[in-house]
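**Q** Assemble chain B onto chain A, guided by the hints.
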Amino acid sequence: MKKILLVEDEKMLSLLYEEELTKEGYEVAVVHDADSAMEKVKSEKFDLIITDIRMPGKDGIELIASIMGMRKDIPIIINTAYQSYKDDFMTWAADAYITKSSSLNELKETIKELLKEK
Amino acid sequence: MIEGYKLQPANFNPDTPKEFVLLSIIAQSFFQPFSLEDNLLVILTALTSGTGIGFNRAMLFLKEGEKLKAAMWLGPRSPEEAEAIWTMLSSPGIGYAEVVEHNRELISQTMESLQPKLKTFSYSLEDDNSLLPTLAVRRKEIILVKEARQETLVDLKFLDFIQVDSFLCLPLVAHNEVMGEIVVDNGITHAPINTKDIELASLCALLAGNYIYTTSLYKKVVEMEKMAALGEMAAFVSHQLRNPIVAIGGFTQQLLNNPCNPERCQRNLNIIQEEIRHLEEIIYKLSHFLKIKIKEPIPIDFKPLLMRILERPDIKAKAERKTISWRIADDSPLILCDPLYFEEAVTNLLDNALDVTPPGDKIYIRACPKNKKWLTVIIKDSGPGIDEKGREKMFSPFYSTKENGMGLGLLFVKRVMETSGGKIEVQSKPGHGTMVKLYFKAQERGPQ
Chain A
296 MKKILLVEDE KMLSLLYEEE LTKEGYEVAV VHDADSAMEK VKSEKFDLII
346 TDIRMPGKDG IELIASIMGM RKDIPIIINT AYQSYKDDFM TWAADAYITK
396 SSSLNELKET IKELLKEK
Chain B
37 MIEGYKLQPA NFNPDTPKEF VLLSIIAQSF FQPFSLEDNL LVILTALTSG
87 TGIGFNRAML FLKEGEKLKA AMWLGPRSPE EAEAIWTMLS SPGIGYAEVV
137 EHNRELISQT MESLQPKLKT FSYSLEDDNS LLPTLAVRRK EIILVKEARQ
187 ETLVDLKFLD FIQVDSFLCL PLVAHNEVMG EIVVDNGITH APINTKDIEL
237 ASLCALLAGN YIYTTSLYKK VVEMEKMAAL GEMAAFVSHQ LRNPIVAIGG
287 FTQQLLNNPC NPERCQRNLN IIQEEIRHLE EIIYKLSHFL KIKIKEPIPI
337 DFKPLLMRIL ERPDIKAKAE RKTISWRIAD DSPLILCDPL YFEEAVTNLL
387 DNALDVTPPG DKIYIRACPK NKKWLTVIIK DSGPGIDEKG REKMFSPFYS
437 TKENGMGLGL LFVKRVMETS GGKIEVQSKP GHGTMVKLYF KAQERGPQ
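The listed protein sequences derive, respectively, from chains A and B. The first sequence begins at 296 in this note's numbering and counts up one residue at a time. The second sequence begins at 37 in this note's numbering and counts up one residue at a time.
Wrong hints could be hidden among the right ones.
Claimed, not checked - Heads up, incomplete: computed chain A residues facing chain B, CB under 8 Å, no partners named:
#, residue
1, 305
2, 307
3, 308
4, 311
5, 377
6, 391
7, 393
8, 395
9, 396
10, 397
To be verified - Using 25 Å as the maximum straight-line C-alpha spacing, the simulated PhoX-like pairs for lysine-lysine come out as follows:
#, chain 1, residue 1, chain 2, residue 2
11, A, 306, B, 406
12, B, 406, B, 339
13, B, 105, B, 256
14, B, 354, A, 306
15, A, 407, A, 318
16, B, 465, B, 429
17, A, 306, B, 321
18, B, 450, B, 477
19, B, 450, B, 406
20, B, 438, A, 335
21, B, 425, B, 473
22, A, 411, A, 306
To be clear, the hints were calculated from the coordinates, so they are not data collected in a lab. Virtual Cβ for every residue (Gly too), placed ideally from N, Cα, C.
Next up, chain B with everything else stripped away, as it sits in the complex:
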């Protein structure tokens, strides 16, 4: 006998301890590709929902530079609103995902009216005389405030805003660095905050602090990768531009220095013109590559497109004395891709194949449905093949084996395939030619 259980239970057994429910909910959310804001919302929800710790309201502060700034507020604005929300949320069939969704809605509603007010809460973290809530992060200590009106360490403006007698300040700290703070209270029910609540809340704060920390690290890494790619690109572009510029400069210098015989003059001018055209081409190719935008792939009938590529004059000229053997079934399914990118990608690959195939030899194009979901377009050349080193580098930007190659062609094809939900595979061995396989998502043709 076998029994099946859900991977991520939406509702927990009523006997399951609160702590366990809370942790598993937060853990689940962290493995989702949620944004920082969404995950912080999950933590605020854990602090405030009935299945979580059950505080009435939560307010999030984030550290920005040397300031602690209010960023989010979650909770009903009046006892009536609270009553309505809690009745709704405790109705059967409402799981945690619904609660988070509801809270997102609630925050976007309340934030509109609260935003201007929240913006005024911006505390300096360098002030030695800081009051609560800032004092908690200054001390890196959870602070429970009771009888707030009598407490001189509470900021009065803040107290006027939250209007409660008792609240809990939870500093968000990771690697001994302050990330922010969460303030929770029971401003509606006025239930006392007990030790168990504080223990559970501290766990949430620990998770929130570390989550903010790793998110900021991740952002830094992405930024650094971007900078490195930019540096590589700058080096490559300057190299590409430098060669024609040196030629232009050098031949101009010759014109200026030498008493020119007309033939030499004419030759130099022709070279200069040619190199300027080359520069233009580099700039065109680069800007064209940088402009690729992700377009929604649409179902296309690729056979006529392929036929059109084979009829292109530039392709025909290159294919002279070489044979292009193609086989495409008439009842091939449609494929998902942007038609313009499909044409450019295939032209690119065919151009590469023609470059390496010696006169008298063959290039093969095959399109065959793999199964109901996929169709492959295969282009195979009779060139020298690519060794392991070349195969490793071939998708790197600016890597090229051609004299005037920019090294952007294969990368372009790869990007087109990825944006179409497909993929590219290359099989090659020195001496055996190169086979490029494009996997497209297939779609059955509708009744004609």
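Looking at chain A on its own, in the form it has when it is part of the complex:
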């Protein structure tokens, strides 16, 4: 079973994503900030990471940079409400940039694509 790490500070949204992705057949670990995400990445193996950008404490962009420094092979999806960061070149390091929407289809499709490539 493929393992996904979800970094999302909004509690209700993390519940929604967790349920929906579990239903798709993934094992989902949820953390609410970047520091806990780093801990998780250090101790467990993941096939894919989904992260928001603006979170309390360390933001998603810094998180991506740290993870890239550690584990270059994990695909990363930025899933955020901000469209404006799309032009920020720091986000280009991620494999996909998705603007949050009430339909989760785009997110699910992107996950499928990225995991297939691996």
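**A** What follows is chain B alone, placed relative to chain A:
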């Protein structure tokens, strides 16, 4: 031995050269926070007053789009009026400030009757056959007109209005761009316009042109800043709204797709209701923030207000298992602030302090008169403190370290302090908690 002199002399020594008087007057006015209109009035006054160049009358045109339009007229309407004004203005003790003030009065009187007439003077700047006064800006050249009745290059309608034989057209140009024009004449005394007058007038025109130019640049910058702030706000609001909307949409989708077990259905409906309440709160907070109006600060007795805040149920609930230590002198002076804003600002800060202070720890509130003029209200928490990056950003709109924070609280407090003539200072270091100091203007209590 020491001698004192005024920074800005109201009256100059009679031996001081005219040019110097003129320039120093204009320079002084430009350093004041006057409006564009006021500064143009100063220039028109410099052109017409006895201590300035001494033309009888001046008429200002401004460029609007591709038109040159009459905007202001300064001068007496008849020899009798001129006589009265000039006698008054040359009386001892009348300085330049009084002359400008007088001229402002004169313009507002004459403009009432002249406005309809002035409005008819609107010349196209694209007309290749333009006549004077427009010709001067077309050529970007100062033009002196003599024997105007015989001159075919003068617009007859304009001549009928000013009714003089000789006048001077001064184009206002900055960075090779036309800003407007000033026309001066000696319609009352009929004194000839000499070369020296023209040289001095050209200096005034140069200053006026550049002044109009920088004012328009400044306006553009302010406009751009507003747009940038608006863009940032739009991005933030859409983010704030998007999160609850995604949750509502997602959980609704689940309800529609899945054959629902009653428990799950109920849970999803509860989440949806909660998120809708969250949306309402965002809208309320935003509109509340945008509604802050500057109110005249009044002297208030802040101690009862502070006590009331400490008794608020929401504050009491948050303060459970934490200690709020407060010390406020009974004979504290009154402070200047709007009472409602004072309460909201302090509640905001106290709420922040409670959020970061761990159970078992303390929050300190102190109010102490600094001196006769100032009183400080200090709120110190036992939280983790703020690092340099956080301190830089903490007054930026929409910056927040809280999960559902809008990032408007501290900015609100800052605005309240500024509108009360006071200020806010924050001292914080990681590991040492955060201390917020509010400086209020103090006022002694009157006899009871």
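**Q** Please write out, lowest number first, the hints stated earlier that are contradicted by the structure.
**A** Checked against the structure, the hints that fail are numbers 6, 7, 11, 22, while the rest are satisfied.
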